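Given chain G, put chains F and P in place with the hints provided.
Residue numbers (the numbering used here), protein chains in the order written: chain G, 1 to 161; chain F, 1001 to 1262; chain P, 2001 to 2792.
Among the hints, erroneous ones may be present.
What the hints assert, rightly or not - Simulated pairs of lysine-lysine, DSS-like, Cα-Cα distance not exceeding 30 Å:
| no. | chain 1 | residue 1 | chain 2 | residue 2 |
| --- | --- | --- | --- | --- |
| 1 | P | 2594 | P | 2568 |
| 2 | P | 2542 | P | 2575 |
| 3 | P | 2352 | P | 2305 |
| 4 | F | 1008 | G | 55 |
| 5 | F | 1167 | P | 2454 |
| 6 | P | 2457 | P | 2391 |
| 7 | F | 1136 | F | 1008 |
| 8 | P | 2125 | F | 1008 |
| 9 | P | 2658 | F | 1167 |
| 10 | G | 55 | F | 1038 |
| 11 | P | 2457 | F | 1167 |
| 12 | G | 11 | F | 1008 |
| 13 | F | 1038 | P | 2125 |
| 14 | F | 1189 | P | 2457 |
| 15 | G | 11 | G | 55 |
| 16 | P | 2454 | F | 1189 |
| 17 | P | 2012 | P | 2594 |
| 18 | F | 1189 | P | 2658 |
| 19 | P | 2003 | P | 2574 |
| 20 | P | 2074 | P | 2247 |
Unchecked claim - Calculated Cβ distances over 10 Å to all of chain G for the following chain P residues:
| no. | residue |
| --- | --- |
| 21 | 2152 |
| 22 | 2155 |
| 23 | 2184 |
| 24 | 2195 |
| 25 | 2451 |
| 26 | 2480 |
| 27 | 2584 |
Hints listed in this document are in silico derivations from the structure and should not be mistaken for laboratory results.
These numbers come from a predicted model, not from an experiment.
Backbone N, C-alpha and C fix where the C-beta goes; we use that ideal spot for every residue, glycine too.
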Amino acid sequence: MTEVTMTVNGKSVSAQAEGRTLLVNYLREGLGLTGTHVGCDTSQCGACVVHVDGKAVKSCTVFAMDVAGAQVLTIEGMANADGSLGVVQQAFQDHHGLQCGFCTPGMVMTTAALLADNPRPTEAEVRHELEGNICRCTGYHNIVKAVLAASGQDAGAMAAE
Amino acid sequence: MHNFEFVKPSSIADAALALSGEGAQPLSGGQTLLPTMKQRLAAPEVLVSLTGIAEMQGVCTGDGGLHIGAATPHVVVAREAASHFPALAALAGGIGDPAVRNRGTIGGSVANNDPAACYPAAVLASGAVVVTNRRKIEADDYFQGMFTTALEEGEFITSVVFPIPQKAAYVKFNQPASRFALTAVFVAKFDGGVRVAVTGASNNGVFRWAEAEAALSADFAASAIAGLTVPDTDMISDLHGSAAYRANLVKVLTGRAVTAAR
Amino acid sequence: MPKDTGIGASTKRREDIRFLTGRGVYTDDLSLHGQTFAVMVRSTVAHGRIVSIDTAAVEAMPGVLAVFTGEDFKDVGGNPAGWLINSRDGTPMREPKRPVLAHGKVRHVGDAYAAVIAETYAQAKDAAQVLSDATVIEDLPAVVDMRGAVADASNRVHDEIPDNVCFDWGWIEDNRAAVDAAMKAAPHVVTLELTNNRLVPNAMEPRASIGEYFPGTGDYKLTTTSQNPHLTRLLVCAFVMGIPENKLQVVAPDVGGGFGSKIYHYGEEALVLAAAKRLGRPVRWTAERTESFLSDAHGRDHVTKIEMGCTLEGDILAIRTETLANVGAYLSNFSTATPTFLHGTLMAGPYKVPHVYVNVKAVFTNTAPVDAYRGAGRPEATYSIERVVDKMCRELGLDPFEVRRRNLLTPDQFPYTTPVGLVYDTGNYQATLDKAVELADVAGFEARRADSAKRGKLRGMGLSTWIEACGIAPSHLVGVLGARVGLYDAATVRVNATGTISVMTGAHSHGQGHETVFPQIVAEKLGIDASSVEIVHGDTAKIPFGMGSYGSRSLAVAGSAMDRAIDKIIAKGKKIAAHMLEAAEGDITFADGKFSVAGTDKAKTFGEIAFSAYVPHNYPLETLEPGLEETAFYDPANFTYPAGAYICEVEVDEGTGKVDVVSFTCADDFGNVMNPMIVEGQVHGGVGQGIGQAVLESTTYDENGQLLTGSYMDYAMPRADDVPFYTVDHSCNTPCTHNPLGVKGCGEAGAIGSPPAVVNAVIDALQRGGHTHVTHIDMPVSPNRVWQAINA
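Just chain G, same shape as in the assembly:
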């Protein structure tokens, strides 16, 4: 075991890790940040997506030691300073973009990264960029709407309801 230090949600933190400790285990077990979930073991589902130095990564497919010293952002760090929902979070609630909530943290983190790169994506771009996040509840309809709405676009009109 080695002490691994990084900055998570703006705070410098340390926890014990082995070589094989995945970032997601470091967050969940080492730091008690259980908002980041594990939904598969083949790096497909995206429930574990967090940001490392501003980039969305699958925290189940990164060793904690490999990102020692990095800036990590998780779902627990996404609300506004006053505790209210951030723009992406609010759009997901407004558009019913979640049901069971298990894939939601990964969806929110992927969306935030997507919009940072591409502030006004098309529907097709949104669907393509969400390729690595699996949701079993929503059929994606309201997730795509939420992402479009979070980008300031008229999601209702684009969904042609």
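Structure of chains F and P alone, referenced to chain G:
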């Protein structure tokens, strides 16, 4: 996953030293290696991360074409190769998903040589040179069958140098579950002729389709391959596609790549 | 104007706040003092005799605390089937014991035969690998293919079941002769053989369980990923472990999706309880995704031959089906009900069909158990009917819309008794069909087809008109049908002294939004603000005995119980108000949160009445108990019958065989709608899963019983770019006639109605594209299959 010692050198020389030890294995983006280790199909004693080596990062033009550092993630290639080699950039932008593209690297993909990976098709169709900590290897010599390459023990890729074709395109047909290539074709047209590389289809890994290259070198149009047939003898047959189906895809996708090439 | 509060309002979900901020608490998020970790050791072969398990090989490994094998559970009970099905000859189904851990034999890849408990997960995992290597299992021939299982009696999944048949069921046996005669006399008979593909439910949260034992009291606690904690408690206590029910608390905290797979009790739940008792420490287990693929109950997996007799004008005269239904290696809790009473009873569809006969043989194989998955039997019935109707239209050159209109039951025919034992209470199937035709712009299809053709794609349109029976279920009826439980539900409405309300419900929310919707109903009925109502669910120590959530039953059954309990609250409130207002009880009315004396301005607010009930200073104590808390159990009088019409358009790429679903339109009748936003979300999700079944998802075992689709690398889950925006309508409502809210249920509809619409559209595209030899392709209509069909 078995435990291991984790080291993260900051220079090629240090990495070479670390990898000369018993049971050491390089780790690049880890997007294939980690899932493999979770399944206990790989159990290195020492894992040497190559992502902290500045001299293995980045995209630039130079002798022989476009130089891409082996530890450059797909997302950077997708962005920075776009003006030089759009087909290569598009390929990089279509690998996996955004999170995978942020971590996965060209060196990792080419070193692993998964028979359904995208990059090997680009490397082979472009006639790229695989540069390692020890030598330069021509693409035609590098790929030696699925998951098999010319890399020796302790040798690792430091960069890949791509000659830039006049026109090229990569057309990938996704395996519906993994989103790897069920079959994909990279077509590259150079002064000296056309190269066609196919991934995802063959039991022997990425390969060049010689008949199509000859036909397209004479006439770079989808119609030029209309009369060709792809034998299905060495094609992969699995639950996602029969050998005959993959042989069909090779031809269909080659035609579409030619049409799309720019 | 849409309402902004109460019944019918698209109230935003309150539970979203915790899910969106990472503060949901799922089972695996809990961390307990002194906790230990269990890893299951699972069979790598489909069928084998356990020769030896060398537990000594791991007992001394670092961190290992205990090893369990089937031997440890051989004297406790088995996990039972919840429904007893009798065969046509009157004999009861064959019901092999399903042990906590396999004993003697392993019967499918993933069948757990041992478990290792260690201080850390990594240590348990390391030891499990060593134990697996130290186990000798003698390979036996695997029974994988259902037809082979029935035909070849030499291979047996269970030694005591000679032909691998669980039951051979006829529904309704007395119909058989009339159906045969009608079929013989029919001017035309359409025959179709089809497979309803096996699916893995794939809730995104893998199953997880934590066992605790409290030696001071002898109490157990199980925290687990369950859709129905009371059912789990009942099964663990009464059938498997022999723990008194009052000594086991079962908690299902936030649960990340279920879709049926978390209805059932699984062996891991018993294992963690037994291990917690032995070790005196909490024992936790969480499935890896691959374990979920291997050991969660799968869904569907029918092979069916359906025949439909009809006139040349398309009037349906008779339907006859023969089905082989895979139950896997053991009977999961609902597995015998799913292919029978949730399937055979629906085989008349929404049509007036005089004669229907259904035969189902349930077959044991060396594969994972198969049970109810979203829709459960009804998707299988709907797919068979809607595909054969479509084939009939093609064979007779008839318009599929007209043929549906010709055969659909009309509103004046309700209540309608089907030939397969159900009484449809109400509906307007023409209205939903007309609405779907309008919303899908069927008239504009040709123009869209021409546009697709310009882009080199074949376009097709497919229709499905569907009905289901849900709101499961009237106990007296299911009792007759073989159920070993009642299927009522319960609610306690507790008005707190300060006027806020806690509702303890037997329903369980794992994505459905009960925490938001149930308060909307309470608020509307009591004239109070929804924010003062809290829903308590998922904990047997807190809620009345309820049967949980599945079969689109939460609102129709548990919601009705809640409605009844509220009525009792109002009735008692009137008594209190009558006393306080010095009026006759019969003169008290309740509206807008006030108890008033009719015809006067004398009134007491709901809060004043609640306060009086708990501070009974001015109160009729001689005739009325203090307090304001009421419980109601509700047993539905009938199933509910949601119905609708779905229209799908696809584009097919001839070169690759790839199918793209480009539009999907749903017009549904769910009865009264409590929260349109949530109802629409349920339909979206169901349709997404239905498109998944139709186009992408395949659960494939090889001939040795190895699961080839054991991860997301090979099991194709629908992704965002596999589906379009859906058009969803629920305006054509006929309220349910027999429950107080007039609701029918919407959770499964999308998954039931959509697969045939997709496949019908694919066949339509190919037919219109000149591939007239293609009359059927089995699901999933994968690129490989479509290409092969085109080029056959």
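Against the structure, the hints come out as follows:
1. With a C-alpha separation of about 16 Å, the suggested pair residue 2594 of chain P and residue 2568 of chain P falls inside the 30 Å cut-off, and the hint holds.
2. For a cut-off of 30 Å, the pair hint linking residue 2542 of chain P to residue 2575 of chain P stands: about 28 Å separates their Cα positions.
3. Under the criterion of a C-alpha separation no larger than 30 Å, the hint pairing residue 2352 of chain P with residue 2305 of chain P is consistent with the structure, at around 21 Å.
4. In summary, the hint linking residue 1008 of chain F to residue 55 of chain G is supported, as the alpha carbons are separated by about 20 Å, within the 30 Å threshold.
5. Of the pairs offered as hints, the one joining residue 1167 of chain F and residue 2454 of chain P holds, with about 26 Å between alpha carbons and a cut-off of 30 Å not exceeded.
6. A C-alpha spacing of about 23 Å is found between residue 2457 of chain P and residue 2391 of chain P, which places the hinted pair at or below 30 Å, so the restraint holds.
7. Between the alpha carbons of residue 1136 of chain F and residue 1008 of chain F the distance comes to roughly 24 Å, so the proposed pair stays at or under 30 Å and holds.
8. With a C-alpha separation of about 27 Å, the suggested pairing of residue 2125 of chain P with residue 1008 of chain F holds against the 30 Å cut-off.
9. The straight-line distance between the Cα atoms of residue 2658 of chain P and residue 1167 of chain F is roughly 27 Å, inside the 30 Å bound, and the hint therefore holds.
10. Of the pairs offered as hints, the one joining residue 55 of chain G and residue 1038 of chain F holds, with about 23 Å between alpha carbons and a cut-off of 30 Å not exceeded.
11. Among the hinted pairs, residue 2457 of chain P with residue 1167 of chain F is consistent with the structure: their alpha-carbon atoms are about 26 Å apart, no more than 30 Å.
12. For the hint linking residue 11 of chain G to residue 1008 of chain F, the alpha-carbon distance of about 24 Å falls within 30 Å, and the restraint holds.
13. Between the alpha carbons of residue 1038 of chain F and residue 2125 of chain P the distance comes to roughly 11 Å, so the proposed pair stays at or under 30 Å and holds.
14. Pair hint residue 1189 of chain F plus residue 2457 of chain P holds up; C-alpha atoms about 28 Å apart against a cutoff of 30 Å.
15. Only pairs whose Cα atoms come within 30 Å are accepted, and residue 11 of chain G paired with residue 55 of chain G is accepted, the gap being roughly 18 Å.
16. About 28 Å separates the Cα atoms of residue 2454 of chain P and residue 1189 of chain F, which keeps this hinted pair within 30 Å; it holds.
17. Of the supplied pair hints, the one linking residue 2012 of chain P and residue 2594 of chain P holds, its CA atoms being roughly 27 Å apart against a limit of 30 Å.
18. Pair hint residue 1189 of chain F plus residue 2658 of chain P holds up; C-alpha atoms about 28 Å apart against a cutoff of 30 Å.
19. A distance of roughly 28 Å separates the Cα atoms of residue 2003 of chain P and residue 2574 of chain P; the hinted pair therefore holds under the 30 Å criterion.
20. With a C-alpha separation of about 22 Å, the suggested pair residue 2074 of chain P and residue 2247 of chain P falls inside the 30 Å cut-off, and the hint holds.
21. Distance to chain G confirms residue 2152 of chain P as a non-interface residue, since its nearest Cβ pair spans about 35 Å, more than 10 Å.
22. With a closest Cβ-Cβ approach of about 33 Å to chain G, residue 2155 of chain P is found to remain outside the 10 Å limit, as its non-interface label requires.
23. Separation of residue 2184 of chain P from chain G is adequate, the least Cβ-Cβ distance of about 44 Å exceeding the 10 Å criterion.
24. The claim that residue 2195 of chain P is not at the interface with chain G holds, since no C-beta of that chain comes within 10 Å of its own (minimum 23 Å).
25. With 10 Å as the threshold on Cβ separation, the claim that residue 2451 of chain P sits away from chain G holds: the shortest Cβ distance comes to roughly 16 Å.
26. No Cβ of chain G comes within 10 Å of the Cβ of residue 2480 of chain P; the nearest lies about 35 Å off, and the non-interface call holds.
27. Every Cβ of chain G is farther than 10 Å from the Cβ of residue 2584 of chain P; the closest lies at roughly 47 Å, confirming the non-interface assignment.
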